[in-house]
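Number of protein chains: 2
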Amino acid sequence: MKRADQIKSLFGQRVKQLRLQAGMSQEAFADKCGLDRTYISGIERGVRNPTLEVINTIANGLNVKLDVLFQF
Amino acid sequence: MKRADQIKSLFGQRVKQLRLQAGMSQEAFADKCGLDRTYISGIERGVRNPTLEVINTIANGLNVKLDVLFQF
Numbered sequence: 001m002k003r004a005d006q007i008k009s010l011f012g013q014r015v016k017q018l019r020l021q022a023g024m025s026q027e028a029f030a031d032k033c034g035l036d037r038t039y040i041s042g043i044e045r046g047v048r049n050p051t052l053e054v055i056n057t058i059a060n061g062l063n064v065k066l067d068v069l070f071q072f
Numbered sequence: 001m002k003r004a005d006q007i008k009s010l011f012g013q014r015v016k017q018l019r020l021q022a023g024m025s026q027e028a029f030a031d032k033c034g035l036d037r038t039y040i041s042g043i044e045r046g047v048r049n050p051t052l053e054v055i056n057t058i059a060n061g062l063n064v065k066l067d068v069l070f071q072f
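Those protein sequences? They're chains A and B, same order as listed. For the first sequence, UniProt numbering assigns the number 1 to the initial residue and increments by one for each residue that follows. For the second sequence, UniProt numbering assigns the number 1 to the initial residue and increments by one for each residue that follows.
Take these hints with a grain of salt, some might be off.
Since the list gives no way to pick out one identical chain from another, each pair is judged satisfied if it fits inside one copy or across any two copies.
Pairs of lysine-lysine, DSBU-like flavour, derived with a Cα cap of 30 Å [stated by the list, open to error]: (1) 16 x 65; (2) 65 x 32; (3) 16 x 32.
By construction, these hints were calculated from the structure, which means they are not laboratory data.
Here chain A stands alone, though its shape is the one from the complex (with noise of 0.2 Å):
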């Protein structure tokens, strides 16, 4: 169970270690997304609170399946 006012930075951990994992800079992530640069950058710091729409396109361009993301 994660303390509400964990669950971002923690999500946000775990996006940027699987992203440095996949060889990618922020920018790559960001246009292979779709999203914004400083929005993957927000969400790597855990100040954003991305909706599930957000998370599945994170997964997929991770290449990553949603429970896998969600190994933390």
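Based on these hints, arrange chain B on the given structure of chain A.
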């Protein structure tokens, strides 16, 4: 990889499945989550696009880890 137009429905079906497995009514589940019953209903019907923080609240209300919630 889930299509953008499917993800809300797939997520909603999974929430409903886990809620029923836990033997909770929508109302009892909504109370447990601190969310409105009509909002839970909208999520289960795939018409809502919940944020990461709400998704975390739902996982906590179902007593499942986030990756389990996304196994569909």
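Task: Numbered hints the structure breaks, given as an ascending list - done: none
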